[in-house]
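Asker: Chain Y: place on chain A using the hints.
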Amino acid sequence: MAAFTLKINGEPRRIDVAPDTPLLWAIRDSAGLTGTKYGCGVAQCGACTVYLDGQPIRSCSMPVSAVGSGEVTTIEGLNSREGKAVQAAWIAHDVPQCGYCQSGQVMSAASLLSLNPKPTDEDIDLAMNGNICRCATYVRIRAAIHSAAKSLEG
Amino acid sequence: MTVHDTKLSRRTLLKAGTGLVIGAYVARADKLFAQAAAQPKVNIAPNTFLIIKPDSTVTVLCKQIEFGQGPFTGFATLVAEELDADWSQMRADHAPSNPELYKNLAFGLQGTGGSTAIANAYLQMRQVGAAARQMLVAAAAEAWQVPAGEIGIENGVLKHASGKEGRFGEFADKAMTLPVPADPKLKDPANFKFIGKEGVVKRLDSADKSDGKAFYTLDINEPDMLTVVVARSPKFGGTVKSFDATAARAVPGVVDVKQVPTGVAVYAKGFWPAKMGREALKIVWDDSKAEKRGSAELLQQFRTLSKTPGKLVRAEGKFEESIAKGGRVIETEYVFPYLAHAAMEPLNGYLKWDGQSVYARYGCQFPTPDHMAFSKAFGLPVDKIKIDVVLAGGSFGRRAQQSTHQAIEMAEVAKAIGPGKPIKLVWTREDDMRGGYYRPYSIHRMRGAVRDGKIEAWSDTIVSQSIMKGSFFEAVMFKDGLDPTSYEGSHDIPYEVANFRCDMHQVDVGVPVLWWRSVGHTHTGYAVEAFIDELLEAAGKDPVEGRLELLGKKPRHAGVLKAVAELADWKNYKVPAGRARGVAVVESFNSFVAQVVELSMTEEGPKVHKVWCAVDCGVAVNPDIIRAQMEGGIGFALGHILYAEQTLDAGAPVSGNFDTYRSLRINEMPEVEVAIVKSNEKPTGVGEPGVPPLGPAVANAMAKLGVGRPKQLPIVPGASA
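So the sequences go chain by chain: A and Y.
Using the numbering used here, the letters of the first sequence correspond one by one to residues 676 to 829.
Using the numbering used here, the letters of the second sequence correspond one by one to residues 20 to 740.
If you're looking for bench data, these hints aren't it; they were derived computationally from the structure.
Hints are supplied without guarantee of correctness; some may be wrong.
Here are some chain A residues pointing at chain Y (derived, C-beta under 7 Å) [as the list claims (entries may be wrong)]:
id, residue
1, F679
2, C715
3, E751
4, W765
5, Y813
Everything numeric in this text was worked out from a predicted model, so none of it was measured.
Just so you know, even glycine gets a beta-carbon here, dropped at the ideal spot from N, CA and C.
Same shape as in the complex, but just chain Y:
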């Protein structure tokens, strides 16, 4: 395992890289980042994706950041498959920042997000493994003086019928001098030994993450480094009017105090003096341009807007005519709070600037935009900037910053104290939680009509704040002036309804927002799946059967729904008294997930006993990691649906820590059973898709129990301050 091995020498192990085209790969245009992609061909130099050491270990340089979703193990699986390696020889480490070599084929820039890691690299990493295999075989053929076609590889051992055997390390040097094959032959999936197989692949990072050796940004501790915390405005958009640092400078260990664009930076030898120094600062803030609305005012404004038609996103048939015909007409409002990501490791980053060049090292999720941000902030050419990526303690979207705000702050903090003074910028938990970049506050107003047991009309008016507005994504992603991540899942419901309308009010609020694990689906999934359940109930239909009747054109939705119904024995199981079950199915990021929840009600709110989950993510590369992501997605979703919200008091975020922003704990975690639907479709992601169905499945179970579907989240009011 190499996650703690921070000084890998690549010099002797890598061919100085001229990338040769060894395969054509049409980038799958991810719906989240559609037009930014479109890279018809990719240069693959296997030497820059792999390190084969003399001891025959194979280290895959992973272009996606590892913060839990398993790309290290996934990419190593793909390479090992084509190499016919032994799993015990596989390692993984982060690739450095190199926008051309390591771009995400779904976005066209180096970055992780949108559950694209395996999806974008499935063929690419297999091609890398296949090319390396061919080169190793050619090297052995030359050494053994036998035809390459007579050499096979089994469990990492090259073999010839003559009895000759050798391991990768013996041929790596020679192999690297050989031409990279233009079109390496990929394995027939029927012969897969790793991909999709149970029990043969273990996570590469489990050991180091169980004994404290795994290395994160917070662990960077260079001898001459200063730890920096920044005092930022309590209200978004506030600026420093004046400050007095006398007392802060008197704190032992504090080295300097500087004003920076985001506030006042305290530089110290270690975290504690930096934090104590910050507490001793006296700052007067200028709130004249700050957001000053509180949560109650936002709710009122959003609610008022939701009662008027927004800008049309999509319409089918004649909604207004149909709903005017009456029948059973239902109108429902769903309110979704701001949510913090609250990854276990708050934001942080190390940066060293010597006046001529910049070296940054941190859990960087978007290396290409950050690379550009450093270049701009320091006025240095891009080839004078180097970013090394390290493990991050979670993200859930928080580190995927199209605004590059963290990189800019790192640069400003370094510039303010001058060259030659490396800094480690650390956000405290409170900085992280009150620092914005939340899941947008949103309202969905749903209207529907049921006549003669049939859903005839459906409308969804969304009020939300754009995530991408003002960023480089706006130009390529916006449709008709609207941000599709606000309505994804709502304008394209899988159910056949003759008269359909989805419209939206895109509202500006001075609170920075960001993608949060499953993005728009965090609220659209709830709105759509709770509402379809309510309409089916009005139509007198079973939640599973009723959905299936409307999913005629959506076989993969129907597939996971049937699979989860079977797993949970939906039809025949007798739910114990005091308990009820609910179901939901959501497609997100081209993966399909259905969940059944069984819960009871306690004085403190719902107690979820068990969740059954079926997932169709195409070819299942690492079944156990897929299960882990479903388990984790369910727990993450449940904690937020039940307990979490960030409220605003006159514009200032209230919750600063886990005492008031309540997180799911082990005693609240349900049992989880996961079925992976067998599929030959191309692989799609699993980091996010486990999240969306959980909330509405809980809501639908609550309705079954007679307490109704929660209209405002979180379900347990007052759990967060």
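Just chain A, same shape as in the assembly:
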């Protein structure tokens, strides 16, 4: 066990875990932030997507010891303009079914829009194909991203 101070959603959090503990479990079990989900543990499904210094990462495959002083943003701390637009579009389109993957989907979609305000379908495919939705809500994810992009115009 070792002590780490992680900066999560702007707050320093002292956690005491083995250094190889994936960031996902530090966020969930130690920091008690449960919006970020476990789906595969091997960076295949994207349910655990968070930002490290603004970049989307798979927190299931990032050991706590590698996070250092980086800023971690989870779904609970997603306050960006793009994030809010994506969440509003998710609700407007009634995207979620079981909902379990959607924190990760929202994080990936918000990141896409922050880099590319007007994504094409191909851009969406590229940015979002690391996020599995077993309910296959993909039709609405696509539509909601386009809606969110539109809402962010001007």
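Answerer: Using the frame of chain A, we list chain Y on its own:
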């Protein structure tokens, strides 16, 4: 929205419940669970189905689990309709385990499955809303000293011509003291404001599922709780011969290690130390009773059997005589792999046992059987067991466990470490994927004869493994020793064929199997719809027209087929070069779905560009949720048809994660257009029926493109390891 509101106080809001009979409801006997049902009357106490708070919010306690198919929103729609509520005041939460109050009227026990949520509760929840409305009106009449008949409700506001107005919250306390009406009057459907209407109802759970607040079993984090993972035998039926936990116990955070009937349990403070502890275990397995056959051996055995007649399920006319007459005789084999459900949230559950009572909290799909399982495992009376249901991250059948294996394991894990130590049992993705309970491995051998442009003979020999054998369903559901969920859809094809035979070999394999979204129709739908297409092709018929000619006695099949043909402009549309279209129509769970697929072939296999879908599910309660279920069912079906299989290596399941059990991703999702056929028939389900037609529609489009109908699934070989 209340999906994250885990501490609803019901005490002050509910009348201590003596249920009064306020309506008679003849349970619709679902074909999946036919004789288990037969409950002629149901007790409805509206106070136990509804919570009306002082702020006038109306929370519907939903007896069906919400894992995506929309019962929270659906049940709230039914109640809001009769209450004349405003949609913004509606909420939903799970009902706790109470077999009597909350039984599924299609099965006679509390549980979700068979696409029965709306079907079983359509009248019941409307009656609940209507009864509550009448009681609120009576309370207002008393307070205002006016006749009840002069009070109306509009958008959640009680109104009287004198100008008096009030909201539900003002009258809820008084209303709950009034007698529950025996036969509340239901609305004339002509006056519906919510049911079947577009744009007026939004899902109640979208917001919490978009910002991380939605609460699932994995999110339970009680201070004194231990997270548990279990090391289970790599082969089904294997047991622990011996184990050494020295290294596991040395992992920081590991609290204890115990042998349990399913393997070796590691108890830890958090998931990661539990998993690391498990990896440090040294276990010797006893495989003497384990299933050791691999996929190739199963295929050979199933194939050999399929070439001999099985036990007769149904026959019409004289199949053998007819096929002996020749003409164009076609024989085809279809092979269907084991499939994992792979819901996004792997299995898990929280359980607290203090020696005298049990409290369990998890995404429980079958509360009544699990309730009984806990009672038996702990030797406690049923009234000492409480189950609270929470949202689950998908199921697709995986949580509907007639074996109650998860509940039993939760109990054994809690018992092994002793009372007073709450546990959260977590299955990893690999545990979930290699843990069995798959869609059964199946083969269909089809034979047919076409003479003079007419299909004269049809036979289907099925080799499959029973889902219900050995469970409490066997006694009530089996017919002549066979499991009907293995042949549903095959023995009752909708097409008129004079000489027909369906028979079956029910094979025992030591791999646990389970219903998987649309159950038998996952394979029978493919076999029947690919084969009819092949025979129609041999007969020189158009796939749509040819089917319609044979559907004379099946107006709802014909209805969705015509609707999808119109939606896709089947007759006139000029399909671009390099693309082709295929069609299929399947009835499942009393709903009718037809789909047209347009695809092209790439080096990596078929690329599906668009799917048109027509659905007839009776009265369409929530059109947008119906569309969502069709979209999702299509994507779910497509991913599995193209890529997924669980193979066995000397009995051990090979794929453990999404790297080898390939799931559909967004770049593979086709455009989807859905038409809902207008119907006044009673409402039926939509969770499963979107799945079956997709596979055969893909196969039929591939045939049109000249690459043939795939005989063995998945279509893209090697996509899964």
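Asker: Look at each hint and say if it fits the structure.
Answerer: Here is what the structure says about each hint:
no. : hint : in the structure
1   : F679 : violated (13 Å)
2   : C715 : holds (5 Å)
3   : E751 : holds (5 Å)
4   : W765 : holds (4 Å)
5   : Y813 : holds (4 Å)
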